[in-house]
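Could you put the whole structure together from the sequences, leaning on the hints where they help?
So the protein sequences, as listed, match chains A and B. Residues 377 to 711 (the working numbering) make up the first sequence, in order. Residues 273 to 852 (the working numbering) make up the second sequence, in order.
These aren't lab readings, by the way, just hints derived from the structure by calculation. Glycine residues also receive a C-beta, built at the ideal position from the N, C-alpha and C atoms. It is possible that some hints are incorrect.
Estimated spans, in silico, between C-beta atoms of each pair [to be verified]:
| # | chain 1 | residue 1 | chain 2 | residue 2 | range |
| --- | --- | --- | --- | --- | --- |
| 1 | B | Lys677 | A | Asn673 | 34 to 40 Å |
| 2 | B | Asp618 | A | Asp690 | 38 to 44 Å |
| 3 | A | Thr699 | B | Asn757 | 39 to 45 Å |
| 4 | A | Asp603 | B | Phe627 | 50 to 56 Å |
| 5 | B | Lys677 | A | Asp603 | 43 to 49 Å |
| 6 | A | Lys680 | B | Glu693 | 55 to 61 Å |
Computed cross-link-like contacts, SDA-like style, restricted to lysine to any residue with a CA-CA straight-line distance of at most 20 Å [stated by the list, open to error]:
| # | chain 1 | residue 1 | chain 2 | residue 2 |
| --- | --- | --- | --- | --- |
| 7 | A | Lys594 | B | Asp743 |
| 8 | A | Lys702 | B | Met753 |
| 9 | B | Lys485 | B | Asp365 |
| 10 | A | Lys602 | B | Pro746 |
| 11 | A | Lys680 | B | Val745 |
| 12 | A | Lys602 | B | Lys839 |
| 13 | B | Lys845 | A | Lys602 |
| 14 | A | Lys702 | B | Lys465 |
| 15 | A | Lys702 | B | Phe293 |
| 16 | B | Lys760 | A | Gly706 |
| 17 | B | Lys514 | B | Lys446 |
| 18 | A | Lys594 | B | Lys839 |
| 19 | A | Lys702 | B | Pro746 |
| 20 | B | Lys842 | A | Arg681 |
| 21 | A | Lys602 | B | Tyr828 |
| 22 | B | Lys839 | A | Ile596 |
| 23 | A | Lys678 | B | Asp743 |
| 24 | A | Lys602 | B | Met753 |
| 25 | B | Lys465 | B | Asp418 |
| 26 | A | Lys602 | B | Gln820 |
| 27 | A | Lys602 | B | Asn757 |
| 28 | A | Lys680 | B | Leu744 |
| 29 | A | Lys594 | B | Tyr828 |
| 30 | A | Lys678 | B | Lys839 |
Partner residues are not named here, just some residues of chain A that face chain B (Cβ under 8 Å, in silico) [what the hints assert, rightly or not]:
| # | residue |
| --- | --- |
| 31 | Ala599 |
| 32 | Thr600 |
| 33 | Leu641 |
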Amino acid sequence: MVNLQKEFLDFHNEIKLDDENKTLREKRDILLKKLKDNIANDAATYTTFNQGSYAMGTGILPEDEDYDIDVGIKFDISKDDYANPIEPKKWVRNALDGHTKSVEIRRSCVTVTYQKAGESLYHVDFAVYANQNTDGNMYIAKGKEFSSTESKKWELSDPQGLIKAIKDKHSGEEAAQFRRVIRYLKKWKSHIFNSSGNAAPTGISLTVLAYNLFSVNKVIDWATGKDTYNDFEALRDLVKGIKNKFSYVWNSEDANYYHTISEYLPVEPYSNLFEKMTEKQMEGFYQEIDTMLTTLNEVAGKNKRSEATSLLVDLFGDEFPVTVDKSTVGTSESA
Amino acid sequence: MEKEKIDDIIKMLNSKFSVHFQESVDNKNVKHLEYRGIVLINDNDNIPLTISFGEHFPLALPEFVVENKEKFRAHVGSDGKICLLDTSSILIDQDMPEQIVFDCYQQAIKILNIAQGSKEYNNEVIREFESYWTSVVNKKAYSSVDIETVSYREYPMVCMNGISMISETSDDAKAILINTFGLKQDEDGFEKKCIFIRIRDESPIIPLSKQFKWNTVRKYIMNNTSASVKRKFQSFLDLKVKNAVRFVLLIYPTPQGQILFGFRLQFSSQRYCKIENLSNCKVENLLIKRIDYQYLLMRGGGSNTLKEKNVLLLGGGSVGGYIASNLCQSGVTNIDILDNDIFMPDNMHRHILGFDAMKYSNSQYKSDLLKNMLESQYPYADIDSLGFEDRSVENFIRRHDRFKKYDIIVSALGEPTINLEINRLLIENKIQIPFVCCFNEPYGIGGHIIVTNLEQTSCLRCLYTDIISGDLVPFRGSFVMPEQNFKKNISGCRSAFVPYSCLDSQQTAIYATRKIVEILAMKLSKNGVYSWLGDCASLQANSFQASQRYIRNREYAYIQEEAFANKNCKVCKVREKECI
Chain A
377 MVNLQKEFLD
387 FHNEIKLDDE
397 NKTLREKRDI
407 LLKKLKDNIA
417 NDAATYTTFN
427 QGSYAMGTGI
437 LPEDEDYDID
447 VGIKFDISKD
457 DYANPIEPKK
467 WVRNALDGHT
477 KSVEIRRSCV
487 TVTYQKAGES
497 LYHVDFAVYA
507 NQNTDGNMYI
517 AKGKEFSSTE
527 SKKWELSDPQ
537 GLIKAIKDKH
547 SGEEAAQFRR
557 VIRYLKKWKS
567 HIFNSSGNAA
577 PTGISLTVLA
587 YNLFSVNKVI
597 DWATGKDTYN
607 DFEALRDLVK
617 GIKNKFSYVW
627 NSEDANYYHT
637 ISEYLPVEPY
647 SNLFEKMTEK
657 QMEGFYQEID
667 TMLTTLNEVA
677 GKNKRSEATS
687 LLVDLFGDEF
697 PVTVDKSTVG
707 TSESA
Chain B
273 MEKEKIDDII
283 KMLNSKFSVH
293 FQESVDNKNV
303 KHLEYRGIVL
313 INDNDNIPLT
323 ISFGEHFPLA
333 LPEFVVENKE
343 KFRAHVGSDG
353 KICLLDTSSI
363 LIDQDMPEQI
373 VFDCYQQAIK
383 ILNIAQGSKE
393 YNNEVIREFE
403 SYWTSVVNKK
413 AYSSVDIETV
423 SYREYPMVCM
433 NGISMISETS
443 DDAKAILINT
453 FGLKQDEDGF
463 EKKCIFIRIR
473 DESPIIPLSK
483 QFKWNTVRKY
493 IMNNTSASVK
503 RKFQSFLDLK
513 VKNAVRFVLL
523 IYPTPQGQIL
533 FGFRLQFSSQ
543 RYCKIENLSN
553 CKVENLLIKR
563 IDYQYLLMRG
573 GGSNTLKEKN
583 VLLLGGGSVG
593 GYIASNLCQS
603 GVTNIDILDN
613 DIFMPDNMHR
623 HILGFDAMKY
633 SNSQYKSDLL
643 KNMLESQYPY
653 ADIDSLGFED
663 RSVENFIRRH
673 DRFKKYDIIV
683 SALGEPTINL
693 EINRLLIENK
703 IQIPFVCCFN
713 EPYGIGGHII
723 VTNLEQTSCL
733 RCLYTDIISG
743 DLVPFRGSFV
753 MPEQNFKKNI
763 SGCRSAFVPY
773 SCLDSQQTAI
783 YATRKIVEIL
793 AMKLSKNGVY
803 SWLGDCASLQ
813 ANSFQASQRY
823 IRNREYAYIQ
833 EEAFANKNCK
843 VCKVREKECI
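Below, the structure written as C-alpha cells:
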C-alpha cells in the first residue's frame, strides 16, 4: 500500500465544481436576470435557491463544459389554487422563450439552453415549487405541457431539506472528506458508464448511498497532533458498503437472478432512488461496483505508486494523476 | 568595612558573650584586623583565640584562629584556623555584619567544645580527615586498587620518577604511570610492598599526630581490626627484617565511604629482627590519592553499575565524540567506536577532538584519535576503535552476531538508511539489545534521541513509515518540513555539510548520554523519542520551514513521545508474523 492521499487531493482539485465556481455563478445569474426582466406581470412573486449537487458541495466539473445547473423557483402560491401545475412552469418558460436558445418544459423542471456569443452551450434546470401551502410543505410541479392529466401533479418535495441533511451529516474536515468521496464516486460514474453503455445510477442516488454508508477514515498523527485523512480507504469502505447493499433476487419473468438495490431519499418524498432502474440496469451497476472494488483492492496491494495510480486512472479517467516512485526520501538528520 | 565599625562589633561581642577581645598589638598582617581574647572551653580550658577580619568582610567570614596548634582538634587546621562553615553551601547576609560575627563566634566555640576522643570528635575528624591528614603528611602515593572488598592484602607499589603508584599488579601500576602520567617506558623504577589493612567498623579513628610512633600504629591496628585481619597482621609482625621499607595502608570505613591513608615504615637494625620488636622505625605519614574507578566515579557523580557495560558507538563525529566522552565521565568505560571517517581540520569546531589530536598520532581516523584522547583522560577507559576491515558500518553489520556482545548499540551516524537496516537486523534476528539513534536537525532547531528495542511494540521503522500506508518517509518526528535540502556546499560535494553548531551536537550528546545511562542502569524500559527544541530563527532566516511538530511544541525545551507504534510498519509486521 502506498499513500495516495496527495494524488486523491490533486485529483479532487481537478474535478470539483462548487458553488464558488465563477463560471457557474455567472451563467446562472444571466438566466435569473432574464427571468426577472421578462416574467409576466400576472405571474406570482417568487424567490430562487440553488439546488442540486453544487448546492450540496458535491458537484463535479462536467465533461465537455456541459454544465448542469439546478435552480429552484419557489412561487408564493398554494398548490390548491393551481390545479394545473404546468401553469407556473409556463411563467418560467414564457419569460425565457425567445431570450434563450431553447426552453422546454420537462417532467420535473423547465430546461433552458443558452449560449452566449462565442461561448459553449449550457443549460439550467429550473424546478418550480408552490411554497404557500396550507400544510406548510413545499410541492414541486411535475408533468409536461401536453402530458396526460394524471401525470400533471404537485408532488411533495423538500429539496432544501435534502441539502441541509447532506450538509449537516458531517462537519469540518470530516465533511470535506465526505464530499470528496462523493465526488470520486460521481467521477467514476461519469467515466465508467459513458464507456460501458450501462445505465448509470443518478448522482443523487450515489450521494444518498454515501450519506448512509460513508464513514470518515482518518488517523491522528502523534507528530503533528492533527488528523490525517485517508480518502482511498474511505472510498474503498464506501464501495464495499454499496456492494453489500445489493440483494440477489430471482426474477421469474426472465428466469434469472439479479443484483438489485434500493435506497430512499432521507427527506420528502422518501422515494426509492433506484425505482426507475430496471433489474438489468441494477445488475449492470452492481457489476461496475464489483469491478471497482476489485480494482481498489488491487491498488491497496500495490507497493509501487506508478502501478497504483495507473489502476486508478482506469477507474476515474485521465484526471487522476499518475505519479512516479522515488527510491529516496530527503532527510534532515546529521551527527 | 571600616575599622571603627568592626571595633563596635567586637564591643558588642564582648558584652553579649562576656568576653574580652581587644585589638592585637603584634598584628603583622596589614590587610587583616586582629582581635585577641581568651575563651573558656569545656569549663576548664582557657584557650587564646584570635578573630581576624580580612579586607573583604562581611563578603567573606572572619577567621577564628586557635593559638595552641599542637593539640589536634576537630575542624581545626594545622595552622590553628577553625573551619567554621562550608562557605560554598551558605548564603551570607552582608547587611547583618554583627550577626555574622556572633554566629561565627558561637560556631567556633561549639567546635572547640568537641571533646577529643568523644564520638562527636571522631565523627567530625572523619568528615574532615583528608584536610587534617594533608596537613600532617610527608609522602604521597597514588592507588588504583579497588578497596571495596579488601580486608588484608599486599599490593605492589611502583615508584618511577618520584611518582608512587599502588595497583593490583606492578604491570598495572606501570601502565598507569606511562599512559596517564606520561612517564617514559624506559624510566627507571623500583618496587615496594604495601599492606592494605581494613579497620573494623565503628572503630575510633587513629588519634592524629604529625609524628607517629611505630608502636602507636601497631597497637591501633591490633586493637581495631577483626580477628582474621589481626592474625594476618601478626604474621607480618613476625617477619624478620634488617633494613627494610614497608608501607602500611589503613582502610577506615565510614558511612560516607572508605578513607584510605597510610604510613611509610623504615626499619633499621644491625641484625635480622621481627618487625614487631623493631624499635628503630621511622614512621612517615603517607597521603593516598585514590584513582580507583569506584572513588573517581563517586566523586564525579557517576554510577558504579556501568563499569561492566559494553557500548557499541557507531559514529565518532560531532555528536558521537561528545557521547563517548560523556559516557566515560559517567562511568561507562568499555566503548567500541566504529567510524571510518578521517578527522579533518575543518571538523575542529564541531568536534570534541581539537587540532592537537592529530599531532601525536599516526592515525587520522576519528575513532583512533578518540581512543587516544579518552584513554589518556580517563585511566579506566577501555576504548576499541574497531580498526579492522574498512571500518565501515556496512561491513560491520554484515555479521549481526557482532551486536550480541554489547549491552547497548548507539548510532550517532546521522544516517537513517543504516540505522533502519540495523533496526531490521536486530528485530529479524531477535537481538533484544537496546538501540539508540541520535542526531541533530539543521540550524539549531533541535535534536532527537530515539530509543528502541527496549520493548517489542514499536521500532525505529515505525517512525519512518507513513501513517496511512507502508511508504518510507523522512523521520516523522522531525522539526523541519520534509523535502528541503539543507546541505551547504562550499567547495564541491565532498565538503558538503549540514549547518548546525557544536552546541547543538553537545546538547544532543548530553541528552543521549542521559538516556544511554538510564538504559544501562535499567531505569528506562520503554521505547521513546526524546527531543530537545532550539530556536527556529536561523532556520527561517535561511528560508526553510519548521514542521508542525516543532510549531506546536515550540514553547517547550524538551518533549518526548512513547506512543509511536505504527500499524503499517513492515518491520513490526515481520515480528507479529513470527509471534503468530
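Discussion item. Going through the numbered hints above, which ones does this structure break? Give me the numbers in ascending order.
Written reply: 1, 2, 3, 6, 9, 13, 14, 15, 17, 27, 29, 33
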